[in-house]
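Number of protein chains: 2
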Amino acid sequence: MNIILLSGGSGKRLWPLSNDVRSKQFIKIFQKEDGEYESMVQRVYRQIRRVDSSAVVTIATSRAQVSAIHNQLGEEAFVSVEPCRRDTFPAIALASLYLKDVRNVEENEPVVVCPVDPYVDDSYFDTLKELSIQVEKDEANLVLMGIEPTYPSEKYGYIIPVDRKKISSVNTFKEKPDEKTAGEYISRGALWNGGVFACRLRYLLDKAHELIDFTDYADLFAKYDTLPKISFDYAVVEKESDIQVVRYDGEWKDLGTWNTLTEAMTEPVIGDAVLNDACENVSVINELNVPVVCMGLKDVVVSVSAEGVLVSDKEQSSYIKPYVDKIEQQIMFAEKSWGSFRVLDVEEEGMTIKVTLNPGHRMNYHSHLRRDEIWNVISGEGVVLVDGMEQNVKAGDVITMQAGCRHTVSAVTELKLIEVQLGKEISVHDKQKFELDN
Amino acid sequence: MNIILLSGGSGKRLWPLSNDVRSKQFIKIFQKEDGEYESMVQRVYRQIRRVDSSAVVTIATSRAQVSAIHNQLGEEAFVSVEPCRRDTFPAIALASLYLKDVRNVEENEPVVVCPVDPYVDDSYFDTLKELSIQVEKDEANLVLMGIEPTYPSEKYGYIIPVDRKKISSVNTFKEKPDEKTAGEYISRGALWNGGVFACRLRYLLDKAHELIDFTDYADLFAKYDTLPKISFDYAVVEKESDIQVVRYDGEWKDLGTWNTLTEAMTEPVIGDAVLNDACENVSVINELNVPVVCMGLKDVVVSVSAEGVLVSDKEQSSYIKPYVDKIEQQIMFAEKSWGSFRVLDVEEEGMTIKVTLNPGHRMNYHSHLRRDEIWNVISGEGVVLVDGMEQNVKAGDVITMQAGCRHTVSAVTELKLIEVQLGKEISVHDKQKFELDN
Numbered sequence: 020m021n022i023i024l025l026s027g028g029s030g031k032r033l034w035p036l037s038n039d040v041r042s043k044q045f046i047k048i049f050q051k052e053d054g055e056y057e058s059m060v061q062r063v064y065r066q067i068r069r070v071d072s073s074a075v076v077t078i079a080t081s082r083a084q085v086s087a088i089h090n091q092l093g094e095e096a097f098v099s100v101e102p103c104r105r106d107t108f109p110a111i112a113l114a115s116l117y118l119k120d121v122r123n124v125e126e127n128e129p130v131v132v133c134p135v136d137p138y139v140d141d142s143y144f145d146t147l148k149e150l151s152i153q154v155e156k157d158e159a160n161l162v163l164m165g166i167e168p169t170y171p172s173e174k175y176g177y178i179i180p181v182d183r184k185k186i187s188s189v190n191t192f193k194e195k196p197d198e199k200t201a202g203e204y205i206s207r208g209a210l211w212n213g214g215v216f217a218c219r220l221r222y223l224l225d226k227a228h229e230l231i232d233f234t235d236y237a238d239l240f241a242k243y244d245t246l247p248k249i250s251f252d253y254a255v256v257e258k259e260s261d262i263q264v265v266r267y268d269g270e271w272k273d274l275g276t277w278n279t280l281t282e283a284m285t286e287p288v289i290g291d292a293v294l295n296d297a298c299e300n301v302s303v304i305n306e307l308n309v310p311v312v313c314m315g316l317k318d319v320v321v322s323v324s325a326e327g328v329l330v331s332d333k334e335q336s337s338y339i340k341p342y343v344d345k346i347e348q349q350i351m352f353a354e355k356s357w358g359s360f361r362v363l364d365v366e367e368e369g370m371t372i373k374v375t376l377n378p379g380h381r382m383n384y385h386s387h388l389r390r391d392e393i394w395n396v397i398s399g400e401g402v403v404l405v406d407g408m409e410q411n412v413k414a415g416d417v418i419t420m421q422a423g424c425r426h427t428v429s430a431v432t433e434l435k436l437i438e439v440q441l442g443k444e445i446s447v448h449d450k451q452k453f454e455l456d457n
Numbered sequence: 020m021n022i023i024l025l026s027g028g029s030g031k032r033l034w035p036l037s038n039d040v041r042s043k044q045f046i047k048i049f050q051k052e053d054g055e056y057e058s059m060v061q062r063v064y065r066q067i068r069r070v071d072s073s074a075v076v077t078i079a080t081s082r083a084q085v086s087a088i089h090n091q092l093g094e095e096a097f098v099s100v101e102p103c104r105r106d107t108f109p110a111i112a113l114a115s116l117y118l119k120d121v122r123n124v125e126e127n128e129p130v131v132v133c134p135v136d137p138y139v140d141d142s143y144f145d146t147l148k149e150l151s152i153q154v155e156k157d158e159a160n161l162v163l164m165g166i167e168p169t170y171p172s173e174k175y176g177y178i179i180p181v182d183r184k185k186i187s188s189v190n191t192f193k194e195k196p197d198e199k200t201a202g203e204y205i206s207r208g209a210l211w212n213g214g215v216f217a218c219r220l221r222y223l224l225d226k227a228h229e230l231i232d233f234t235d236y237a238d239l240f241a242k243y244d245t246l247p248k249i250s251f252d253y254a255v256v257e258k259e260s261d262i263q264v265v266r267y268d269g270e271w272k273d274l275g276t277w278n279t280l281t282e283a284m285t286e287p288v289i290g291d292a293v294l295n296d297a298c299e300n301v302s303v304i305n306e307l308n309v310p311v312v313c314m315g316l317k318d319v320v321v322s323v324s325a326e327g328v329l330v331s332d333k334e335q336s337s338y339i340k341p342y343v344d345k346i347e348q349q350i351m352f353a354e355k356s357w358g359s360f361r362v363l364d365v366e367e368e369g370m371t372i373k374v375t376l377n378p379g380h381r382m383n384y385h386s387h388l389r390r391d392e393i394w395n396v397i398s399g400e401g402v403v404l405v406d407g408m409e410q411n412v413k414a415g416d417v418i419t420m421q422a423g424c425r426h427t428v429s430a431v432t433e434l435k436l437i438e439v440q441l442g443k444e445i446s447v448h449d450k451q452k453f454e455l456d457n
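Each protein sequence line maps, in turn, to chains A and B.
At position 50 of the first sequence (counting the first as 1) the number is 69 in this note's numbering, and the numbers step up by one without a gap.
At position 360 of the second sequence (counting the first as 1) the number is 379 in this note's numbering, and the numbers step up by one without a gap.
In case anyone wonders, no lab produced these hints; they're calculated from the structure.
Some hints could be false.
Identical copies carry no separate label here, and so any pair may be met within one copy or between two of them.
[Said to hold, decoys possible] In silico lysine to any residue, SDA-like type, Cα no more than 25 Å apart, as pairs: (1) Lys258 x Asp318; (2) Lys119 x Asp71; (3) Lys195 x Gly208; (4) Lys345 x Glu366; (5) Lys31 x Asn308; (6) Lys156 x Ala241; (7) Lys443 x Gly415; (8) Lys47 x Ala325; (9) Lys317 x Asn295; (10) Lys317 x Ile339.
Throw the hints in and build the complete structure from the sequences for me.
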């Protein structure tokens with residue numbers, strides 16, 4: 020099975036755990052059987068592997084998420100990198116060309132496209148497999164998944180099938196209706212449109228060439244920023260007359276707000292927190308290493324990270340966006356392909372950062388124009404390269420780097436550094452990257 | 020006027036703002052007219068100065084608080100340092116000897132003793148002056164302040180005066196009664212005992228010699244740890260038959276819980292916080308430099324510091340103690356006589372701290388047995404002394420110090436350092452102090 024997972028953009032609805040660089044799908048919030056926590060991306064990836072261990076998974080996403088994906092899934096996940104955000108039609112077109120030109124997938128092969136962040140049970144992925152098998156029967160150009168509605172929601176688009184069979188032709192689509200209309204649709208067998216579909220790769224390639232003027236993957240990639248923002252539903256699905264739908268009646272949750280996300284938590288507390296007996300329906304997610312104490316609260320979510328603190332009535336939490344949009348908060352934590360960093364302190368002309376490199380990984384060879392840096396190695400072993408000179412380092416070693424000097428560090432064992440940055444205009448954009456000879 | 024301010028011990032009722040080293044009286048929570056915030060200690064000290072600019076103020080407190088007092092009040096406040104905690108009678112005895120032997124106060128002078136943490140208006144300090152003047156009339160051995168009760172509280176001891184005049188002889192004392200009995204006392208003109216009294220210094224010295232076997236201040240100081248824990252009320256006041264009381268009917272609040280403390284806040288928010296319109300009676304005190312967002316909360320206090328996060332129903336907040344007593348949290352922030360420090364990061368064999376030295380101040384000359392240290396100067400100018408060698412330092416300079424090496428730094432301008440500590444057993448107790456020749 021070929022699967023394209025669409026990994027959406029940054030969002031602040033789950034602030035302070037999601038931010039401009041960390042999308043909600045990377046928050047580790049779901050407890051596995053072994054007690055460890057995993058993110059939505061990790062959960063979905065693990066579920067796919069369980070249903071089909073040979074599935075070829077490609078994640079279509081922006082440049083900003085590539086590091087986090089490799090950090091969380093390792094290097095084996097294929098990533099179709101979008102140079103900028105252009106909605107789902109260009110993203111799916113680019114991923115299709117990536118499959119054809121970079122991964123050499125046959126045009127005749129079925130491809131399943133689905134979002135990366137549904138909270139579902141394993142039977143969802145069995146249904147994806149059914150979609151893939153159904154495509155091979157060539158009974159329709161597109162095969163959608165239709166989610167059996169559990170209530171007359173006003174939040175979703177509806178698929179109206181011809182009949183109530185497990186697999187049916189699609190009659191028409193209805194955009195988000197009011198509650199009463201939704202009830203009528205459901206009584207006629209309508210299904211929620213969860214944005215999941217399958218088709219032959221050729222179909223996607225044909226649609227791409229039909230609507231965009233380009234030659235191959237490299238060309239499409241190069242002109243990606245000139246493409247209009249348009250959804251796949253609007254550009255393709257709504258104009259296609261030959262569509263089937265496969266019903267799915269397993270668990271399906273859209274965990275887009277703190278209210279819905281906390282419903283999916285198996286325990287009331289993640290991280291260091293104490294709730295007194297007077298607390299009712301309280302959920303705490305604490306990413307800091309200092310405790311949270313809650314007393315006498317009801318229907319409240321408390322979320323604490325290096326970016327800030329949210330304390331909200333659970334229902335009210337869905338109105339968070341305008342409040343956090345106003346916050347001008349510097350990024351305090353990020354996962355990179357080589358490890359992670361956390362901002363410890365911000366001064367007018369200085370910043371202190373904790374850098375953790377995973378064993379065998381290295382950051383880019385780079386320099387800064389407007390800041391000096393000092394590395395204090397606090398644990399592990401590694402090799403520092405400064406202006407072409409290599410040096411083995413261990414805990415206690417200090418490396419000072421003037422502005423303009425090229426530097427990198429690679430970790431032999433897990434390596435932790437305290438990085439002190441000093442300069443008048445410290446910015447993440449002040450960075451020149453260089454190739455390494457070896 | 021001579022005033023002894025009794026500065027009580029550490030407490031966790033206002034966690035995470037109070038902790039083992041920061042007592043509630045040092046939390047900067049009261050907004051002044053100029054918009055700046057001051058602590059209870061600073062507020063009381065300023066109020067005393069306003070009523071009597073020549074008042075001689077001595078703060079009786081433990082060693083642990085001396086740095087915070089000098090940090091908040093400067094060097095002009097006298098401090099009678101208790102070598103260990105021994106309740107109010109030994110503390111007042113030691114402070115009396117401190118006044119006589121160290122400050123050379125005449126035995127005939129009146130002394131007013133009061134707690135450092137009442138939330139009161141300026142008229143309270145006018146009443147202290149009245150107490151001092153009343154002492155000089157020699158109508159009684161002790162002159163107490165009696166606080167006009169506002170409700171039949173079960174929390175306070177009651178003073179039963181002979182009559183309802185502004186100044187009256189005391190008939191008797193009653194320990195914390197039930198509500199009904201309290202009501203009866205009040206109907207008979209009873210007053211709350213706020214632990215405030217005045218007398219001639221000689222009276223205190225006599226009582227000290229009567230109950231403790233010692234020669235002078237130095238001797239009492241030396242044997243302080245052998246003294247029994249006993250309150251001044253129990254040891255002296257309840258056994259004294261010749262007492263007057265002066266009525267005080269101004270504002271008087273005991274700000275011992277988050278509930279009472281937030282009532283004294285003039286604004287709902289201190290620090291970086293956003294409350295949506297659905298919040299009612301919500302108070303936020305945020306000492307971190309990342310935002311707190313509150314939505315749809317009612318009657319809730321949110322308190323955030325480097326030590327942790329409290330989210331509590333205001334009434335429930337008075338039951339906090341057993342919950343925070345269980346927390347084994349390392350001290351994350353402290354004010355010292357020379358400035359302050361804040362723990363930024365804790366690792367198994369390392370700790371990163373931000374040190375801020377005030378201009379003209381210096382930390383102790385000291386060494387550590389079990390840890391190396393690295394100083395990264397991030398702003399300001401100063402002079403580092405390492406094993407007797409002096410070096411001027413500025414932003415960008417790095418000083419590495421092996422375990423055993425003696426070191427200190429003094430600030431020319433405000434000086435900020437990132438201190439990286441490395442070792443297997445990092446402890447605040449691993450510190451040897453040395454005298455400096457100059």
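Worksheet entry | Numbers of unmet hints, in rising order | 1, 6
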